[in-house]
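Following the hints, complete the assembly by docking chain B onto the known chain A.
Keeping their order, the protein sequence lines are chains A and B. Residue 288 in full-length UniProt numbering sits at position 288 of the first sequence, and the numbers go up by one each step. Residue 140 in full-length UniProt numbering sits at position 140 of the second sequence, and the numbers go up by one each step.
Just so you know, the hints here were simulated from the structure itself, not pulled from any lab data. Relax, there's no trap hidden among the hints.
With a straight-line Cα cutoff of 30 Å, these simulated DSS-like cross-link-like pairs (lysine-lysine) come out:
1. A:68 <-> B:242
2. B:242 <-> A:126
3. A:80 <-> A:68
4. B:106 <-> A:126
5. A:80 <-> B:106
6. A:68 <-> B:106
7. B:106 <-> A:109
All of these numbers come straight from a predicted model, not from anything done at the bench.
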Amino acid sequence: MTKTGHSATYEEVQKLHPLYFNIVKKRLWWFAISLLIIIPGIISLFMQGLNLGIDYTGGTMLDLTFNKAVTQSAVSDTLKSVGLEGSTVQLSNNDTTALIRTEALEESKRSELLNALGTQVGEYDKASLKEDKVGPAMGQELTRNAIYALIIAMGMMIIYITFRFQFVFAVSAILALLHDVFVVVGIFSLFQWEIDATFVAAVLTIVGYSINDTVIIFDRIRENEPKMKRSDSYEDMVDKSIWQTMRRSINTVVTVLIALLALFILGGESTRMFTLAMLIGVFSGAYSSIFIASQILVEIKKRIKKPRRGGKEAVRA
Amino acid sequence: MRRGNIIKLVVLVLLVAAAVGLSIKPLVDPVGGIPLGLDLRGGVHLVLQAEQDKDGTAITKDDIDKAKAIIENRVNDLGVSEPIVQADYNKERIIVDLAGVTDPDKAVDILKTTAKLTFKDPQGNVVLQGEDLKDAKAGQSQSQQGYVVNLTFSSEGAKKFGDITTQLIGQRIGVYLDEDLLTNPTVNTPILNGQAEITGYSTLEEAAGDAVLMRSGSLPVSLSIAEKRQVGASLGVDSLNKSIHAGIYSLIFIFLFMLIYYRLPGVVADFSLIVYALIVLWAFWGFRVVLTLPGIAGFVLSIGMAVDFNIIIYERVKEEIRAGKSIRAGVESGFSRAFITVIDAHVTTLIAAITLYLLGSGSVKGFALTLGIGIIVSLFTAITFTRQVLRWTVGINPKMKTFWFGVRGDV
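So that you can see chain A by itself, here it is in the shape it has in the complex (with noise of 0.2 Å):
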């Protein structure tokens, strides 16, 4: 290309960015904060599990909006009076809306409650009711069905992503996906917060961003590592790939934390956990490519024979 100037140098990257410090070099502490989150995250798992709605579980919810407030008991004994002791309720929007969770509910029984409800507690707005029954057997489908086609695409993306760089880089990349994870996982279980059937969804998002962002920095590594001279360390090339991608890594993060955001505050209340499980991927994800993915890939590359420098891995450039 053009014969003036020069790719730029380690010291002049770091010289670029006013808040430079070493990443590589402080890889234990992003190790540490991370195990900080996801160690309660997978101990709140095994404690409490996960709040899992009736999507998972299999029963019937129903959100209506009565015309006027209505009373928790009012709700409750009306359930009672139509033998459903064991739902629960949510009122919320000034006590004019009610949640109520029931096991799945046969279309004749659920006729009976929501007449009951008419008559006993006050009259209901049918056009703004929504309802969702799941068979106990599809929450299971759909949970074992996701976890199926997760595992199915961390095996594409692992083949995808050795064939175009080097399996070290394909593993360091799957095991900071499944740091992200873990880390939304993990503060779901923790904060208890429902788990529905979008949050699947949200989880394969949060992967797919994940893998996203830890794929352009990667990208960096790979043009700078056949460029490496015999003195450089693969800790500074790593620092240096790191650093030069980072406004953009901020940039992105920045704009699609924005849209999440928006979409958070005013989305309404059915995308509302969604949103608030992609917010947490995301800001994960981002932290995730910049601080443990490469920093494995390190520690990987530490931990196997030198590689000859560049040399044969160098994928096209």
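Same frame as chain A, but now just chain B:
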């Protein structure tokens, strides 16, 4: 050169503006526009599970087909626009999507009643029931022109049918599915052997359609509701409005961010994003993608990736300029290099999206589809559009200050 580029760009801006103006109406048209899912306009989604009857006979593919035919028939009676009825043979299920149905309760009521085939005399008395019918097949008439439905009765049915046809000679027998009259043939001769022929169909399809429904009358499977998702109409509209609201705000933020941070290329990016969104929406329209809430989320994520693509290009261009290249050379090599970067990232995500589409169900599928389309369009827009506009923009004045690319002079 200079003036030529300015003219090209102005024409392009006008063209895109016109395209946006002309696209709004056909895209959001309630009938021909992008179809909205039931979560956005109210409706009901049902998964009906076929269940074996007491004697435990296995459910066949034919049973599912029969059930599907009945359901389709009933759904069409409901007068819902674009109903979706799918059969899942492996899991022995029928999936029904009725978006925009005004009274979901009634729809469910109608769908869940079991179909019943009856033969009635002219006075409306039931003379024969579906159980007495063994089979109904469409075929070509042996004796005259046109197509027929051949009925085979069980031995008991044959006896009954023989009696009826002897009594009702010259009169009409009505064949009803629930309350709907399927056909009312005239009895010409007494039929004693249990083999009847209903004549007078002009096409084979017509005959086959009725034959399926008649066979269905003696359907052995009962259907139970395995999954039901019902959204009231006003709730759906509310969700749609909120999503659009959120979408507009996030777009404004993203546009401003790109403008302030990237200046001139930021303008190009914003312009590209408009074109990008337009192509994606037309793609949704073309593929009849039913837009649902998770689908919108997939779209938002793909916008994020399209913005990312622009960011990667401009960061790379900046680097190339800093490394001493002219703006024009910087744009060329920056774009090429960024493209290699982005291709790998996009393909990896696309692999995830395709896997989800193939293996996922329901909402996951909708999400994967919009994400997948978004990723492909993102690549397409960048190669065809962003690159060219960037070239033209740089071509206006190749000696323009690097400031306009967000590169400070001192580095």
